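Novice: Using the sequences provided together with the hints, build the complete structure.
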Amino acid sequence: MIFALKVTLNQERNVARMLESRIRSRGIKVQSILAPEVLKGYLFMEAEDKGPVEEAIEGLRHVRSILEGEINFPEIEHFLEAKPTVAGIKKGDLIELIAGPFKGERAKVIRTDTDKEELTIELIEAIVPIPITVRGDYVRIVKKK
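Using our numbering, read the sequence shown as starting at 135 and increasing by one per residue.
Simulated from the structure, these hints should not be mistaken for laboratory data.
Be careful, since some hints might not be right.
List of simulated lysine-lysine pairs, DSS-like, C-alpha gap at most 27 Å [said to hold, decoys possible]:
(1) Lys242 / Lys224
(2) Lys278 / Lys174
(3) Lys279 / Lys237
Bear in mind the structure is a predicted one, so any value in this text is a computation, not a measurement.
Specialist: Pasting the structure below:
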């Protein structure tokens, strides 16, 4: 059975780590914990019944409540599918590099390769525009074309 927990906003990962630590140390029968990035303020826990979930969250900071009822797996399955990192980035978009040797630089997207999850970009402030290929998770979109 899968149960939904309501937690403090932006504390989902912290709560998941604290729960994992508590579950391991006390040997509580919980199969999994899911903290989807796109769903703020909620966690999902899989257990045989509600008892182990209540035991795991007892007195834990940032946990507000257990939502009534159980969640069916198809309802949360889409949270488990990995999205390509270059999805939504198109030719002409303005991006900022957030990792790598050019961290902090702004660039324009020349080409996207969804199979390799890479972008070919040109740095805006460079004197000579040289195409550079970077990984999709190294960038953040600043402005869409």
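Novice: Hints first: check each against the structure and report whether it holds.
Specialist: Structure-based check of all given hints:
In summary, the hint linking Lys242 to Lys224 is supported, as the alpha carbons are separated by about 10 Å, within the 27 Å threshold. Distance hint between Lys278 and Lys174 is fulfilled; the C-alpha atoms sit about 24 Å from each other, no more than 27 Å. With a CA separation close to 22 Å, the supplied pair Lys279 and Lys237 stays within the 27 Å bound.
In this structure, none of the earlier numbered hints is contradicted; all agree with it.
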